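K.L.:
What follows is each chain in one-letter form.
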Amino acid sequence: MEAFRQEIIVGAVVVYMLFCIITGLWAMRRTHNSSDFFIAGRGLGPIVVALALFSSTLSGFGFVGGPGLVYSIGVSSFWMVVISSTGYAVGFFLVSKRIRMIAELRDCISLPDIVAARYGSEAVRFLIAITIVLGVMGYLATQILAMAVVMQAILSGTEMFADVGLVTCVAISSAVLIFYCVTGGIIASVYTDVVQGMIMMVAGTLILFTAMSVFDGGMQEATSIILADDAEAIMPYGVAGIMASLGWFFVFGLGLAGQPHLITKMMMNKNIADNRSILPMSLFGYVMAALLWISIGIVMRAAVIDGVVDPLALPDDAASVFLTAFANPLLAGVVFAGLFAAIMSTSDAFLNIGTAAIIHDIPKAIRGHSIKNELFWARVVTVLLAIVAASFALYSHFRDATLVAILGAFGWGTFAASIFPVVAVGLNWKGATVPGAVTAIVAALLINFVSQLAGYTFPYAISGQLVAFASSMVLFIGVSLVTKPPQLDYDIERVMDI
Amino acid sequence: MRSKLIYIIFAIAVLMAGILLAISLAEPVANAGGAAHPDFPGMQIGGDGAARLEHIGLLGFTFQCLLLSQIILLSLLGIAERHRTTDLFVYMGGTMLFTLFIGWQMYSGHTQYLDTGRTGYFMGFPTATAWQLYGTWLGAIPLVIIYSLGFRKYIYTPQDEEKFQQLLSEKAQERTRSEQ
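Sequences listed follow chains A and B, in order. The first sequence begins at 1 in the working numbering and counts up by one. The second sequence begins at 499 in the working numbering and counts up by one.
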């Protein structure tokens with residue numbers, strides 16, 4: 001079997017991609033209007049929503065960057081994972097019920113729709129839509145690039161495709177993504193998410209057992225090796241220190257409830273009461289999949305220190321070197337399919353919310369109504385958005401990485417800082433005002449943008465994202481408290497009383 | 499207390515911002531955010547853990563406690579005011595104490611290791627790290643349980659569902675009237 005390792009891996013990835021294409025064709029028959037395209041007509045069952053929610057949370061970063069981060073900075077990066085229970089719980093307490101109720105009451109198809117209904121303000125809708133578009137461009141470009149790099153690494157290991165170029169890999173991977181997103185919209189996206197989520201759970205669990213068998217003394221031997229080399233790396237705050245770790249606790253823990261691609265999925269379930277089972281199922285799935293992040297990272301750091309494997313050229317090589325050195329070819333095939341699943345499940349979610357922001361929300365905020373024939377334009381813009389992001393990714397790779405790095409700053413942390421107060425707190429506090437929301441969003445964008453552009457580093461590894469989030473929370477509540485309480489629409493007020 | 503929840507959340511947010519400012523102004527130490535590993539490129543080391551916590555350790559731990567408290571208070575904010583009953587406050591208060599206890603075990607376990615250089619192990623990890631890895635994750639599980647098992651009592655009661663259905667039918671009638 002070892003002789004066919006590369007063929008098995010390629011086969012697993014091809015089967016997975018064929019599945020995505022077939023799902024797209026199947027979902028096309030169920031997509032009749034823009035509500036179907038963007039929020040699946042609010043008709044999804046609890047298992048589908050739960051799996052879609054967790055698989056969209058764990059992007060390619062979790063499968064590639066996560067183990068690389070543990071290899072590089074030790075336990076510090078655990079903080080992004082162990083807060084998942086907190087993050088999901090806070091998200092469900094604050095957002096899931098009211099966002100779903102407002103979506104049904106006002107026929108909302110996007111997060112900016114919800115915000116506009118809550119605040120009665122097109123300015124807030126516009127700012128949230130712009131934040132989403134900026135974030136989507138950065139996220140999508142990095143995801144497409146990651147997908148292409150992994151595909152190139154897999155194909156170049158075979159004789160037939162040894163010389164395959166990155167541009168070809170970007171074209172192939174983007175084509176599959178575009179196909180199922182354009183034909184089936186969010187319906188294709190969530191049903192591929194279901195399988196993607198299952199693959200990720202299986203991959204995470206199997207990898208844990210493989211990782212535990214690398215050292216005779218199991219995980220304890222691995223952590224002892226790291227402790228002897230540098231104790232801080234395996235102590236609770238890791239190499240990056242207490243404030244970097246707590247920054248991730250803050251931004252990832254509370255910030256989950258501010259991620260537009262995740263909370264939009266909370267609008268899609270058929271019954272509000274399903275939330276009670278969606279929360280534990282999502283959390284379980286995430287934890288299973290995230291086992292890969294922790295176990296590969298720890299074992300690879302220990303293996304390099306102990307001389308079992310050569311030092312890595314790049315920390316992000318941790319997962320692929322682990323799979324080559326320690327995993328059975330079949331397991332490697334499942335994990336590589338899982339990696340594509342992780343990247344695609346996040347990418348399709350971003351394509352969907354980015355398209356909604358462009359064809360639905362920005363025109364509505366500027367002209368007072370969205371464009372005609374939304375479903376047709378949704379498909380056109382999905383293609384264009386993916387092509388622009390793919391071109392952007394290639395330009396960044398071959399010419400200048402700065403632009404993607406800057407837009408990359410509009411990632412999780414910026415969404416958390418600008419959206420969490422306005423949506424998560426705003427949906428539960430009638431005193432939240434438009435000036436409070438506008439101030440919080442603008443401050444979050446400015447602090448993230450300026451600290452990224454200026455390359456400013458705060459003392460004790462405090463992140464710019466943490467400063468932005470803490471500031472936007474204070475400004476949102478503070479400005480709302482000192483400005484005139486709003487007159488809420490009667491239906492929104494009643495929803496907020498429930 | 500019940501209607502003043504947002505003021506408490508605001509006060510904690512301001513305190514946390516204040517702590518961030520205080521830490522920014524604290525005496526700097528070398529390698530507070532790590533340094534390059536001398537032997538392996540791409541790998542970093544933390545170095546002297548005691549020195550890194552010397553000026554900001556307690557401030558950092560206070561920040562952590564405030565964050566844990568804020569998480570519980572924000573979860574409470576997500577529950578309609580009339581459902582914030584005494585038993586709910588007991589559950590939420592218990593969860594807060596549980597998470598603070600885990601936080602303390604983690605922090606004190608770490609400082610104890612820095613003092614003595616000795617540590618036990620639990621399920622593959624040094625004790626303090628086990629508190630972080632398993633404890634932090636488990637610390638929020640009571641919130642998940644309160645949400646799932648208490649859904650029909652605190653989050654979305656049958657009466658809430660009835661009210662929402664009534665609101666939906668009122669809106670539908672309104673739409674029909676405006677279309678006519």
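The hints are simulated quantities; they were obtained by calculation from the structure and are not laboratory data. One should not assume that every hint holds.
[Unchecked claim] Mimicking DMTMM-like on lysine to aspartate or glutamate, the simulated pairs with C-alpha atoms at most 25 Å apart in a straight line are:
hint, chain 1, residue 1, chain 2, residue 2
1, B, 669, A, 317
2, B, 502, B, 658
3, A, 372, B, 658
4, B, 502, A, 491
5, A, 430, B, 658
[Claimed, not checked] To be clear about the criterion: a stretch of chain A counts as covered by chain B if any three or more of its residues have a C-beta under 8 Å from a C-beta of chain B, and this derived list gives those stretches:
hint, stretch
6, 131-140
7, 154-165
8, 476-486
Because the structure is a prediction, the values reported are computed rather than measured. Think of the CB as a built atom: it goes at the ideal place given N, C-alpha and C, for glycine as much as any other residue.
K.L.:
Of all the hints given earlier, name the ones this structure violates by number, lowest first.
P.N.:
1, 3, 6, 7
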